[in-house]
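Protein sequences appear in the order of chains A and B. All letters in the first sequence, in the order written, are residues 22 to 419 by this note's numbering. All letters in the second sequence, in the order written, are residues 181 to 408 by this note's numbering.
A couple of the hints might just be wrong.
Here are the computed lysine-lysine pairs in the PhoX-like style, where the Cα-Cα straight-line distance is at most 25 angstroms [what the hints assert, rightly or not]:
(1) B/Lys261 to A/Lys23
(2) A/Lys157 to A/Lys23
(3) B/Lys244 to B/Lys207
(4) A/Lys157 to A/Lys124
(5) A/Lys124 to A/Lys23
(6) B/Lys244 to A/Lys25
Heads up, incomplete: computed chain B residues facing chain A, CB under 7 angstroms, no partners named [unchecked claim]:
(7) Ile203
(8) Leu257
(9) Arg260
(10) Arg266
(11) Glu282
(12) Gly329
If you want the footprint, here are the derived chain A segments under chain B, 3+ residues with CB under 8 angstroms [said to hold, decoys possible]:
(13) 215-228
(14) 314-320
Everything labelled a hint here was simulated from the structure, so no lab data went into it. No experiment lies behind these values; they were computed from the predicted model shown. Every residue, glycine too, gets a C-beta built ideally from N, C-alpha and C.
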Amino acid sequence: MKEKLLWALARRHVWSNANSTVVRMVSILSIAGIAIGVAALVILQAFMGGFTMAIAQGLTSMNPPLHIYVPGGGYMNDFDLGVVQSIASEIPGITGVEGVLEKPAVVSGAAGTVSGAMVRGGSSEGLTIGMDLARKLDVKAGDEIRIASTAGVEVSGMGRVLVDTIVTLTVDSVGDFGIEEYNSSLVLLPLGTARDIFKAHGELTSLGAYVETGVDPVEAAGLLDSALNEEYTGGGWPVYMSCIPYLAFHGNLFKALGLERTAMTLVLALITVVALLNLSSALTMIAMEHRRDIGVLRAMGLSPSGVFRISVLRGFLLGGSGAFTGLIFSWVSIFAVNRYFPIKLDGTVYWIDVLPGVFSVTTALFVTLSTILVCFVVSLFPAFSALSHSPSEALRYE
Amino acid sequence: MSNDIVLSARNIHCSYGSADASIRVLKGVDITVRIGEVVAVMGPSGSGKSTLLHALGLLERPEKGEVLVCGENGWTLSSRKRAELRNRKIGFVFQFHHLLEEFTLKENVMMPCLIAGYSGEEAANRADRLLERVGIDHRAMHFPSRASGGERQRAAIARAIVMQPDIVLADEPTGNLDTDTSAEVEQLIMELAEEGGRSFLLATHSKDLASAVHRRLLLRSGVLGQDE
């Protein structure tokens, strides 16, 4: 009953219609300030996180999450693929390894059109070209394109010589690969077709490994790299291979995005700091307004710890209401922006067309609970201040 | 100590202000109140009547002296125990009622019971009975701002006695009321004292109230003496 009473006292000191207009106004302003601070932080995290995730997804959508290569740029072959597949099968979380042959080429489509392209041979079943490249070449599914390479190598009586090849192939599909860079340059082919174009039979430029959903690619890459290191350095193999997560190729980009996110978080956290200062002054004002009431309650037998708890509960109520309001507001805002007011981006600049907001429950709860915790700390000053007055002083206070 | 003494204080000294500019308000006050006794402390404004009541009610620590409430030395207890003693043994009535504005009259009367940890039902039952007794049961669910001065003071008196304390300390209980209402409140106080065998210590300027009590004391120059 006593706890319920303390809650009721704190609640009515903050909310009641019997309070002065000033107290009601400062209560509302404190809640609004904290709500804005929390919402700003949650929304920022949602869109910065969503942007980073969309970029990462776009980059990995066309590439296996683990990239296995020969340091220094050496070639691999089907035998190496077999060895790596065998090693990878021992590592939990890795679902398979495929060989990739990827080289630059020149492609042409309708009369007069020509473009540079990156031709990738892998597990693709037909020929797929990026949508922007298809537009540039003025082709669609069913049309023919010509792929010219000067990178083919043949072995003749004169040794290994570079040969020119031009092949004509039918486009099976036009794909949206999610990232403008891929859409404007990528041509996907079956591995065998790519090897024919580049006269690179049995050769591979890299290997790609896949992981189960939920497995951290960085961790899996580390495990596979260690296993490869052990195998090649201990087994006397002539070729050394290394494995890195594919996103490591874009490490600087993600570091820059992370730095930007941190800087913006710090700036927006200042809103919360201002809101907390506002809360502090509101709690002081509410404490002054109810100082005599506290004296009356003490005369009726309320203990000093009860007085302290009422003060803390006032801060908790204001801070908690603000943080919860901010949490709801941010969720609704993110949902509304994603659904009804998508933020358009220039795909040629940002790689993605729409900025997605990803509401992270963990982040939102962290922001909300941290704010409530700081509100608790802020409420301690007026709470200790309330204890410093004797009941008699409080009763005389006008 | 005699068993019929509910409140006694010896050699109470109180002063205000800093050490070099202090005003000595009480200079060794002794007082004893017995069960069922209604005592009035009179004196000019600023003579220290309120300060004395606060010291006796364990609201303001005197510089010197001791206060025994039902035999317990209040100022030697921990602050928590002292708060419990106030809750169980002492009721307060203030000049300006000091009801909590955010709570209805009934909730105000229930408050000491809730502080003591009584159930809401028990507290409500006690409040209902007392509001009926003081004649404002029809105002139970009204907030103090909607009640008249007399009704507020009646609610404050009900709140002071809801825990059935051994003594009620009332500081100018009729000081803020018109003549007719003052007379009603004075009559109520005397009736409640008679009914419950409860002691009252009143600080008052009211000659009418003072004439109705069992004993009158005069506080002058920080010293308490019998009123002539």
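Hints versus structure:
Between lysine 261 of chain B and lysine 23 of chain A the alpha-carbon distance is near 16 angstroms, which keeps this suggested pair within the 25 angstroms criterion. At most 25 angstroms may separate the alpha-carbon atoms for a hinted pair to count; lysine 157 of chain A and lysine 23 of chain A exceed this at roughly 76 angstroms. Restraint check for lysine 244 of chain B and lysine 207 of chain B: satisfied, since their Cα atoms lie roughly 9 angstroms apart, inside the 25 angstroms limit. The straight-line distance between the Cα atoms of lysine 157 of chain A and lysine 124 of chain A is roughly 20 angstroms, inside the 25 angstroms bound, and the hint therefore holds.
Of the pairs offered as hints, the one joining lysine 124 of chain A and lysine 23 of chain A is violated, with about 76 angstroms between alpha carbons and a cut-off of 25 angstroms exceeded. Taken as a hint, the lysine 244 of chain B and lysine 25 of chain A pair is broken in the structure, with Cα atoms around 38 angstroms apart against an allowance of 25 angstroms. Proximity of isoleucine 203 of chain B to chain A is violated relative to the hint, the smallest CB-CB distance being about 15 angstroms (cut-off 7 angstroms). Annotation: interface hint on leucine 257 of chain B violated; nearest CB of chain A at approximately 12 angstroms, more than 7 angstroms.
The beta carbon of arginine 260 of chain B comes within 5 angstroms of a beta carbon in chain A, closer than 7 angstroms, and the hint placing it at the interface holds. The criterion of a C-beta within 7 angstroms of any C-beta in chain A is met by arginine 266 of chain B, whose closest approach is roughly 5 angstroms, and the hint holds. With its C-beta approaching chain A no nearer than about 4 angstroms, glutamate 282 of chain B sits inside the 7 angstroms limit, and its interface hint holds. At its closest, the beta carbon of glycine 329 of chain B sits 17 angstroms from a beta carbon of chain A; the interface hint therefore is violated under the 7 angstroms criterion.
As drawn, the stretch 215-228 of chain A meets chain B at 0 residues by the rule of a beta-carbon pair under 8 angstroms; below three, the given contact is violated. Here's how the stretch 314-320 of chain A fares: 6 of its residues keep a CB closer than 8 angstroms to some CB of chain B, so the rule of at least three is met and the hint holds.
Hint violations for this structure: numbers 2, 5, 6, 7, 8, 12 and 13, all remaining hints satisfied.
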